[in-house]
Amino acid sequence: MKDTMDISYFSILISYSALVIPVLIFLYYKIRLIKSMLLSVLRMTVQLFFMALYLEYIFKWNNAWVNSAWVLIMVVVSAVSSIRHSNLKLKYFLLPILFSGFLSLLLTDAFFLGVVIKLEYLFETQYFVPISGMILGNILKYNIIGLTEYYSSIGRDQDLYYFLLVHNHPKKARVPFIRSAFKKAISPYIATISVIGLISLPGMMTGQILGGTSPVIAIKYQVLIVIGIFIACILNLYLSILFTNRSVFDAYGSIRKGIMRKEKKNK
Amino acid sequence: MIRLEDISLSYGEKVIVENLSFHIPRQSKACLYGPSGGGKTSLLKTLLGFVIPEKGNFFVDGDKAEETSILKIRQKISWLPQNVNLPVHSAEELLLEYFPVQHKDVAIDFLEQFGLCSEFLQKPFTEMSGGQKQRVLLSSILSLQKPILLLDEPTSALDDESVEKIMDTIFNLENITMLSTSHNPRWIERCNVHIRIGE
Chain P
549 MKDTMDISYF SILISYSALV IPVLIFLYYK IRLIKSMLLS VLRMTVQLFF MALYLEYIFK
609 WNNAWVNSAW VLIMVVVSAV SSIRHSNLKL KYFLLPILFS GFLSLLLTDA FFLGVVIKLE
669 YLFETQYFVP ISGMILGNIL KYNIIGLTEY YSSIGRDQDL YYFLLVHNHP KKARVPFIRS
729 AFKKAISPYI ATISVIGLIS LPGMMTGQIL GGTSPVIAIK YQVLIVIGIF IACILNLYLS
789 ILFTNRSVFD AYGSIRKGIM RKEKKNK
Chain Y
21 MIRLEDISLS YGEKVIVENL SFHIPRQSKA CLYGPSGGGK TSLLKTLLGF VIPEKGNFFV
81 DGDKAEETSI LKIRQKISWL PQNVNLPVHS AEELLLEYFP VQHKDVAIDF LEQFGLCSEF
141 LQKPFTEMSG GQKQRVLLSS ILSLQKPILL LDEPTSALDD ESVEKIMDTI FNLENITMLS
201 TSHNPRWIER CNVHIRIGE
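From first to last, the protein sequence lines are chains P and Y. If you read the first sequence in this note's numbering, its first letter stands for residue 549, the second for the next number, and so on. If you read the second sequence in this note's numbering, its first letter stands for residue 21, the second for the next number, and so on.
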């Protein structure tokens, strides 16, 4: 295997020039996404460069407390960002989503890093930080889809929810809505899993191969991360529903008013 | 059995029910009637704790409705909303999966009284007419044998013959206190307590 070729800063600047294609399409159709696209690209670049600087030190120190703090910051930032991008209010959802995200990540990491890979040092930066980051990046996305569906469907089918609530315990009345949330959130990931290696090459595997790892080892890690993400997604959505139920429903079993933010109308 | 004292309901700025009081004695068959949008359905939901009145109190079987007593009150009530999209394919599935105490034999008795055979318990809802589905759902909730029955427009999807069968059965249930909403003159006439809602 050859070493990975470095990319010069000038080449990266050239890669940005390809953005002229979406800009032209957005301009032609008057799609108001140019500003947000350019801002996102700028943010991504700055964030990744800072991360690269920070990771240099994280790898050098290889310290359990520093690594855990890093992952914790990622959990907080992802939770806040994903709630803001959804229709839900931080006031009701931040703490339960943080707690469920942290707990599901902890359990998944402990199982896959400790039991499956059998790391002697569980907080080994090389494994702990990237694997936690990959899991986290995925679980929050699917979690928000699931939670939004859960609370929207109860609002949509309010009479069904009330009908079941009158004739049974609240836990039982929420079952059809939990089913709907899991289906909506997890089905896309199941579909993605089924085509991995067929019509898509996953980022982690590609990164490892580019970094000089043998494809067989890269595939083993990819299988592990796909299963890890899947388990963490299920755990996280389940725990989020469980924890948010406590803050979102009132003593009468109804959803509190104002848990969802008003959507901004797009002109 | 059911007593409302000075109940007012509103949606935002709009007042839909103002200072309403009434009493429905045990074993009565009562009907809320009046124009659409007058707050009849909201009043039924108020009794279940799903719509919180702006002011006033209500009592069900002696219990004042509040956060701590609402579960106890609900245990005494069966309710059939006007339209409900069920997450099951048949009444049998509904009884087994969502009703904690199943009395399948009682449901079959009611089905027969409503002019349907016992097979309707297993028959998919998608293969039934609106009237058949309504009768099957009524049989299912009546099988729970709760003392209070709330019905929202129970005859809206029914033909004349089915309406007669349902009325004959429901108005002869001596141990049940029933509060319904209806626009059907025959249904309203058979009730012995009438409460007009709206202008």
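Source of the hints: derived by calculation from the structure; they are not laboratory data. Please read these numbers as outputs of a predicted model, since none were measured by experiment. Any given hint might turn out to be false.
What the hints assert, rightly or not - Listing some non-contacts, in silico: residues in chain Y with all C-beta distances to chain P over 12 Å:
id, residue
1, 36
2, 72
3, 117
4, 119
5, 129
6, 148
7, 166
8, 196
9, 215
Unchecked claim - List time: in silico DSS-like cross-link candidates among lysine-lysine, alpha-carbon distance up to 27 Å:
id, chain 1, residue 1, chain 2, residue 2
10, Y, 75, Y, 124
11, Y, 124, P, 720
12, Y, 96, P, 720
13, P, 639, P, 689
14, P, 639, P, 719
15, Y, 166, P, 719
16, Y, 34, P, 731
17, Y, 92, Y, 143
18, Y, 75, Y, 92
19, P, 720, Y, 153
20, Y, 34, Y, 92
21, Y, 92, P, 719
22, Y, 185, Y, 166
23, P, 639, P, 732
24, Y, 96, P, 719
25, Y, 84, P, 719
26, P, 805, Y, 153
27, P, 731, P, 720
28, P, 720, Y, 75
Claimed, not checked - So, partial list: chain P residues that the calculated Cβ filter (under 7 Å) puts toward chain Y:
id, residue
29, 604
30, 606
31, 670
32, 671
33, 800
Glycine is no exception: its CB is placed at the ideal position from the N, C-alpha and C atoms.
Task: Interface exclusion of residue 129(Y) relative to chain P, criterion Cβ beyond 12 Å - done: Nearest chain P Cβ is 19 Å from residue 129(Y), so the label holds.
- [ ] Please work out if residue 34(Y) and residue 731(P) have their alpha carbons no farther apart than 27 Å.
- [x] Violated - the C-alpha atoms of residue 731(P) and residue 34(Y) are around 38 Å apart, more than 27 Å.
Task: Restraint status (C-alpha distance of residue 124(Y) to residue 720(P) at most 27 Å) - done: This hinted pair holds, its Cα atoms lying about 20 Å apart.
Open item on the list: Quick check for students: does the CB of residue 117(Y) sit more than 12 Å from each CB in chain P?
Closed with: violated (8 Å)
Open item on the list: Next item in the hint list is residue 800(P). Is there a CB on chain Y closer than 7 Å to its CB?
Closed with: holds (4 Å)
TODO: Please work out if residue 92(Y) and residue 143(Y) have their alpha carbons no farther apart than 27 Å.
DONE: Since the Cα atoms of residue 92(Y) and residue 143(Y) sit roughly 33 Å apart, the hinted pair is violated (cutoff 27 Å).
Open item on the list: Would the non-interface assignment of residue 215(Y) survive a Cβ cutoff of 12 Å against chain P?
Closed with: holds (21 Å)
TODO: Take a quick look at whether residue 639(P) and residue 719(P) sit within 27 Å of each other, Cα to Cα.
DONE: holds (23 Å)
Open item on the list: Quick check for students: does the CB of residue 196(Y) sit more than 12 Å from each CB in chain P?
Closed with: holds (15 Å)
Open item on the list: Tell me if the interface restraint on residue 670(P) is satisfied: Cβ within less than 7 Å of some Cβ in chain Y.
Closed with: violated (42 Å)
Task: Hinted pair residue 34(Y) and residue 92(Y), Cα distance within 27 Å - done: violated (31 Å)
Task: Restraint status (C-alpha distance of residue 639(P) to residue 732(P) at most 27 Å) - done: holds (24 Å)
Comparing the model with each numbered hint stated earlier shows that hints 2, 3, 4, 7, 10, 16, 17, 20, 26, 28, 29, 30, 31, 32 do not hold.
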